[in-house]
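> Spelled out from the first residue to the last, the chains are:
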Amino acid sequence: MAALYRWNFAPVFENAEVLWAGALGTLRLFAICVVLGLGFGLVVGFGRHAKAPWIYLPATAFVEFFRNTPVLVQILWFYYALPILLPFQISPLTAAALGISLNSAAFSAEIYRGGIESIDRGQAEAARALGMTAAQAMRRVVLPQALRRMLPALTNRGIEIFKMTTLASAVAYVELLQQGKLLASLNFNPIETYTVIAVVFFLCLLPLVQATYALERRLGRSDA
Amino acid sequence: MHAWNFAPVWANADLLALGLLNTLKVTGAALAFGVPLGLVLALMRLSQRRWLAWPAGAVIEVFRTTPPLVQLFWFFFALPILIKVEMTPYVAAVLTFSIQSAAFFAEVFRGGIVSVERGQWEAARALGMAPRQVMRRVVLPQAVKRMVPAFLERAIELMKTTTLVAIISYADLLFQTNEVAQKTFRPLEVFTVTALIYFAVIFAASTLVHGVERRLAASGEGLAR
Chain A
1 MAALYRWNFA PVFENAEVLW AGALGTLRLF AICVVLGLGF GLVVGFGRHA
51 KAPWIYLPAT AFVEFFRNTP VLVQILWFYY ALPILLPFQI SPLTAAALGI
101 SLNSAAFSAE IYRGGIESID RGQAEAARAL GMTAAQAMRR VVLPQALRRM
151 LPALTNRGIE IFKMTTLASA VAYVELLQQG KLLASLNFNP IETYTVIAVV
201 FFLCLLPLVQ ATYALERRLG RSDA
Chain B
225 MHAWNFAPVW ANADLLALGL LNTLKVTGAA LAFGVPLGLV LALMRLSQRR
275 WLAWPAGAVI EVFRTTPPLV QLFWFFFALP ILIKVEMTPY VAAVLTFSIQ
325 SAAFFAEVFR GGIVSVERGQ WEAARALGMA PRQVMRRVVL PQAVKRMVPA
375 FLERAIELMK TTTLVAIISY ADLLFQTNEV AQKTFRPLEV FTVTALIYFA
425 VIFAASTLVH GVERRLAASG EGLAR
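Residue numbers (the numbering used here), protein chains in the order written: chain A, 1 to 224; chain B, 225 to 449.
Worth flagging that the hints you see were computed from the coordinates, not collected in a lab.
Backbone N, C-alpha and C define an ideal beta-carbon position, used for all residues, glycine too.
Be careful, since some hints might not be right.
So the derived label-pair ranges between C-beta atoms look like this [to be verified]:
1. A:64 to B:361: 38 to 44 Å
2. A:220 to B:407: 53 to 59 Å
3. A:133 to B:407: 56 to 62 Å
4. A:64 to B:248: 32 to 38 Å
A few chain A residues facing chain B, derived, Cβ under 7 Å [to be verified]:
5. 5
6. 68
7. 73
8. 202
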């Protein structure tokens, strides 16, 4: 091996504030997408659980469409195609948040539906027999138990959303990877910059991943 | 109101078709390398020897917990400087997605292998088979059958992930879409058609997977994740 590459992380750390701005952008996008994605997913999940076809069918179409197309295509569609139908421009943040949130809503809807359907029907019936309305039975009896079972799948979704935020760099939204691209091209040091970015993501996500494993083990022990 | 006009899209159908072909090419190549590598990683991780299990675990965790786009950038922009080789977008994409999907496939393999009851292993050992023979003749054939649904789902995920190569300018379906959109000034129509192409291909694949899943469930197999 001729002339080993000499690693030099100093230029990366000298520009730490550039990466910090990116990290804030990543966190902002992540927060928006978790709230909108998991929140709207619950609504769609109920829709998939409903009996009335005018609720069930659109919810199913939504889930199938967004689960079966790549999220990057969705983001670019919202960024380049949607503004043509609208009288205003769409910012990179809006396009990325729409794409990632709707995609996550479709995936989490299936988690919610699976969780709700995993609770024995007898429980909802018993709650109804005690005089609760369907909504009360869902809120007081079914959901609290279902949510516990869904927790590992939902934290996994959260991890996926965090990783997906990097796709926002494709529409030039200021997040970690986008700032990394900037630094790498300014300082000609892609090795150190992208290594630092990868390590930052790894360190941010590792605790979440470990927590998910722990949750899975705990649930595996306490009930099936 | 926007007047939809799909004629410019049809006029460039050959470019999109080439893009779809390239998407399938990257997916196929990443699968061809990723699946065997995933099996190797799974067997290493299950090994009693620490010096085998530990590195395999590290590779799996790192590639599962970092964003695929960051990995792709690292392999495309950083690795060529480090080892002084020419890197094409295609090679970078195949390299990244092979290792990345191998990390996920490894967990599917591991789940399948672990799901085979311990008694079977002990029985096969008692019949005089070597550990390697037990794995090949008894455990893997059953495990593979259980892994099929999770495995196919991962392959579909992989195809969706390959859209990232458009960002490093490999001419996949998404990249070609962008080119056609810029050429024809019809981003709405072009991106909509592309979304529908992806939907058609991936939905067909998922429907097939669900069919296989039901068949396996009916035959009393399946359920390994």
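> Have a go at the residue 5 of chain A hint: is there a Cβ in chain B nearer than 7 Å to its own Cβ?
It holds, given that the least Cβ distance between residue 5 of chain A and chain B is near 5 Å, below 7 Å.
> Once the shortest beta carbon distance from residue 68 of chain A to chain B is found, is it less than 7 Å?
Hint on residue 68 of chain A: holds, closest Cβ of chain B at ~4 Å, below 7 Å.
> Could one say that the CB atoms of residue 64 of chain A and residue 361 of chain B fall in the range 38 to 44 Å?
Once the Cβ atoms are compared, 41 Å apart, the range 38 to 44 Å for residue 361 of chain B and residue 64 of chain A holds.
> Does the Cβ pair residue 220 of chain A, residue 407 of chain B satisfy 53 to 59 Å?
Check passed, 54 Å falls within 53 to 59 Å.
> Would you say the C-beta atoms of residue 64 of chain A and residue 248 of chain B sit inside 32 to 38 Å of each other?
violated (22 Å)
> Given residue 73 of chain A as an interface hint, is the shortest Cβ-Cβ distance to chain B below 7 Å?
Since the shortest Cβ distance to chain B is 5 Å, the answer is holds.
> Do the numbers back the hint for residue 202 of chain A, that is, is its least Cβ distance to chain B under 7 Å?
Since chain B brings a Cβ to about 5 Å from residue 202 of chain A, closer than 7 Å, the hint holds.
> Take a look at whether the Cβ-Cβ distance between residue 133 of chain A and residue 407 of chain B falls inside 56 to 62 Å.
holds (58 Å)
The structure shown violates just one earlier hint, number 4.
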